[in-house]
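Undergrad: These protein sequence lines are chains B, G and Z, in that order. The first sequence begins at 1 in this note's numbering and counts up one residue at a time. The second sequence begins at 1 in this note's numbering and counts up one residue at a time. The third sequence begins at 1 in this note's numbering and counts up one residue at a time.
No lab work stands behind these hints: they were computed from the structure. The beta-carbon is built from N, C-alpha and C at its ideal position, and this holds for glycine as well. There could be a bad hint or two in this list.
[Claimed, not checked] Listing some non-contacts, in silico: residues in chain Z with all C-beta distances to chain B over 12 Å:
no., residue
1, I26
2, L96
3, I148
4, G178
5, L212
6, K225
7, Q287
8, T291
[What the hints assert, rightly or not] Restraint-style ranges between C-beta atoms, simulated for each label pair:
no., chain 1, residue 1, chain 2, residue 2, range
9, G, G140, B, S168, 43 to 51 Å
10, B, K178, G, D202, 56 to 64 Å
11, B, W81, Z, V187, 30 to 38 Å
12, Z, Y246, B, L276, 52 to 60 Å
13, G, G140, B, M140, 56 to 64 Å
14, G, D202, Z, V228, 27 to 35 Å
15, G, G126, Z, P275, 27 to 35 Å
16, G, G234, B, W81, 43 to 51 Å
17, B, L246, G, S67, 53 to 61 Å
18, G, G140, Z, K293, 47 to 55 Å
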Amino acid sequence: MNLLSYNAQWVLLSTLLLGMAAGVVGVLSYWKRQSLMSDTLSHAALPGVVLGFIAVGTKQLPAMLIGAAASALVGAWLVQWIRSSSRVKEDAAMGIVLSVFFGLGIMLLTHANRMPGGGQSGLDHFIFGQAASMVRSDVMLLAVLAIIVLCVVFILFKEWKITLFDSSYAMGLGLSVKSMNIVYTALLVLVIVIGIQAVGVILIAALMIIPAVSARYWTDSFGRMLLLSASFGGGAGVCGTLISTLGKGWPTGPFIVVTAAAMFLVSLLLGSSKGLLVVVYQRKRAQHKRGTAIMTEQAVEGGRG
Amino acid sequence: MNATIVVNNLSAAYRKAEVLSGISFDVMPGTLTSIVGPNGAGKSTLIKTMLELHPRTTGDVSFLGQSYKLAKTKIGYVPQRGSVDWDFPTDALDVVLMGLYGKIGWLKRPRKSDREQAMEALRAMGMEQYADRQISQLSGGQQQRVFLARALVQDAEIYFLDEPLAGVDAATERIIMETLQQLRTKGRTVMVVHHDLQTVEDYFDHVLLLNRTVIAHGATAEVFTEDQLHRTYGGALRWMREKV
Amino acid sequence: MSYTAWILITASLVGVCCGLVGVLLILRRMAMMADAISHTVLLGIVVAYLITLQLSGIHMFIGAIIAGLLTAVLVQWFHQLGVQQEASIGIVFTTLFAIGVILIATKAGNAHLDIQHSLMGEITFIPWNKVELPFIGGVPKAVVSLVIVLIVILTVLLLFYKEWKLTSFDAVFAASIGIPVTLMHYVFMSLVSITSVAAFDSVGAILVIAMLITPASAAYLWTDKLSVMLVLSCIFGIISAWSGYYAAVLLDTSISGAMALATGVIFMISFIAAPRYGVIAKYRRGQAKATAKVQYNDIA
Chain B
1 MNLLSYNAQW VLLSTLLLGM AAGVVGVLSY WKRQSLMSDT LSHAALPGVV LGFIAVGTKQ
61 LPAMLIGAAA SALVGAWLVQ WIRSSSRVKE DAAMGIVLSV FFGLGIMLLT HANRMPGGGQ
121 SGLDHFIFGQ AASMVRSDVM LLAVLAIIVL CVVFILFKEW KITLFDSSYA MGLGLSVKSM
181 NIVYTALLVL VIVIGIQAVG VILIAALMII PAVSARYWTD SFGRMLLLSA SFGGGAGVCG
241 TLISTLGKGW PTGPFIVVTA AAMFLVSLLL GSSKGLLVVV YQRKRAQHKR GTAIMTEQAV
301 EGGRG
Chain G
1 MNATIVVNNL SAAYRKAEVL SGISFDVMPG TLTSIVGPNG AGKSTLIKTM LELHPRTTGD
61 VSFLGQSYKL AKTKIGYVPQ RGSVDWDFPT DALDVVLMGL YGKIGWLKRP RKSDREQAME
121 ALRAMGMEQY ADRQISQLSG GQQQRVFLAR ALVQDAEIYF LDEPLAGVDA ATERIIMETL
181 QQLRTKGRTV MVVHHDLQTV EDYFDHVLLL NRTVIAHGAT AEVFTEDQLH RTYGGALRWM
241 REKV
Chain Z
1 MSYTAWILIT ASLVGVCCGL VGVLLILRRM AMMADAISHT VLLGIVVAYL ITLQLSGIHM
61 FIGAIIAGLL TAVLVQWFHQ LGVQQEASIG IVFTTLFAIG VILIATKAGN AHLDIQHSLM
121 GEITFIPWNK VELPFIGGVP KAVVSLVIVL IVILTVLLLF YKEWKLTSFD AVFAASIGIP
181 VTLMHYVFMS LVSITSVAAF DSVGAILVIA MLITPASAAY LWTDKLSVML VLSCIFGIIS
241 AWSGYYAAVL LDTSISGAMA LATGVIFMIS FIAAPRYGVI AKYRRGQAKA TAKVQYNDIA
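Turn these sequences into a full structure, and let the hints steer you where they fit.
TA: If you want it as structure tokens, here you go:
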């Protein structure tokens, strides 16, 4: 892929927007303490992608994306049902849906690969991602979806802030936590659906976790965390895609993830809010004076997962 | 008579904040002490830090003149009920039996005598007919009694209990306090994180007022006063007392 | 032994190994860690290959154990640094997995390494070991590894049965009576790692998760005794393996995919129909309570 080619620029745009959308939704997941749900749902999307292909007969992005979304939503609903109606805990429920749906997806994939129009390369790219294989119309669609995600988060910013950090106040205001949860699930599924082509089913979760956690090390403010996470995600998207062009047939997903991980390590060490160096420095200072109870911060952030 | 527990300048932190600061106190055998203080005062953390379940930043603790590592087998700990998965496939007798695992030792299986000992403890808690009941089917108070039976079976010298009376019914409360008082009579040392100020004077002969540091420690009659409580709770307390 | 028989034996062994480990996995709420480890063992295997330039069994296992322990250690470390548990898991395994994929894509282009098959594994085709089922004169390597792993699992599990029980039920209490909880955690993570690798050949990394979590979860819904849960989990694992295989042959599709689906089917049946903890049973109990209430209200 020629870096400066027209197509290349479109691809870079899509991974940029994907990174931003994933970063932003990742912050929501983080505060909802559901970081791995994205992993579960992205694996659950696979059968839907393949069914979308089988239904249409050729590799048509809209059909596959609708399939992916439907499949992921069924997965989300199942996790909830299992968790609420039995003693099986949430992590096991997630593991069940993740693996069983993925297994079903593989079964369908084997079948689809034998169909005319199937072909190894097309569908398999959904597992590891291959941004370069996207055509302009795909990119347009994904870009639009990503912008929708960003807009929804931006417009509902105040509502997110309240429901995530003070749900009793939210209920007092008549703000339905339940409907915000529905919106959240929709956004989650949208980002997954956008991302699976560029980054693949297995690694989209990375984009929704790593930039958000990285941002945490620079700020305590929800708004700034959203902005930072979007930047980290978008940056990782672009850099990763660029790096992946250096080799023939290199998948984009892993390079984007490794870039994001590098940003995370830097944030972990140097981040101005909770980065290691800063914490060590602050601890030394705290030993000279009694620390005031920062119990509220702990109650809100409560990183004890 | 030597103190069974000696705490010296103990401090602990949680993330950036100092949660315990320069804690020092001695506890004598044959006492039943309640640890009392506002939310976030560090009561649970105090016990956890003493039992090395939470890292300390300064200070040391000795039990019966020894470090925690050496005295471990003589210390019984009943954590808060919420720390356990009640859906775990096990019954009440089994849970009590777990208290003997330390004594039974590695690679050995529990024997009949161990099982009988566990039944005895359940009997003492009035729970013998629930021996083979799956623990998720027990009420909160029953679960607490099973926990206490597990502690009893350890036959420890020192006991720490974290909010044992939280959310239990009256019958359970009575049986727990009776058991703790029996332990005291037998010369054991018992420390209890307690949430209900109303009952401190009825149940405990000693009290430790805690708010990140020791506000006061001593016999309940002397230390559990309006003045000291205000210092502990910092005004977040309304004192209502009926003068008898 | 016939071709099919070897496949079924291998699949059954996977079912039993995963079934046993899976029970402790879900009781200790480490299902997501299993997800993580089964991805990161890929990196372990790749690095082992790049260092030793061999695809022999023992190096793979060592690489896998190191990868598994590294995963557990890193997750623990990040968690202690204040990152939420789930997020820690997410960061560690996706990054390590991504590194593994990059190494394969860039360096090992000429090798026998094949991402597809390590992920989705085909019991009928094992590119790692240059061993095809049925093995020429002897036992397939995969079966040997699985049997060894099974022996290790059974030994560790049975020797320290009560300690596993206690540390899974109440780790805090266990620590207070002197049981080395952290050590046992890492031993367990190692068990998960070697089970993942041994099962790799047959069902692939991602579907190891299905075998680890789903039969155990199904068993959980049928019993209140840990020992029964362990046995039942193995049985469900074996049934899933066999029915998955035959379904795949019938439908001419991926065997590992079908096995994963089979675990799901068994789980769903259990979820709905289990006598005490199934949805129907719960519903009936709810109805009975409501009727009793109505009757009481009539009398009162």
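Undergrad: Which hint numbers doesn't this structure obey?
TA: 1, 2, 5, 9, 10, 14, 18
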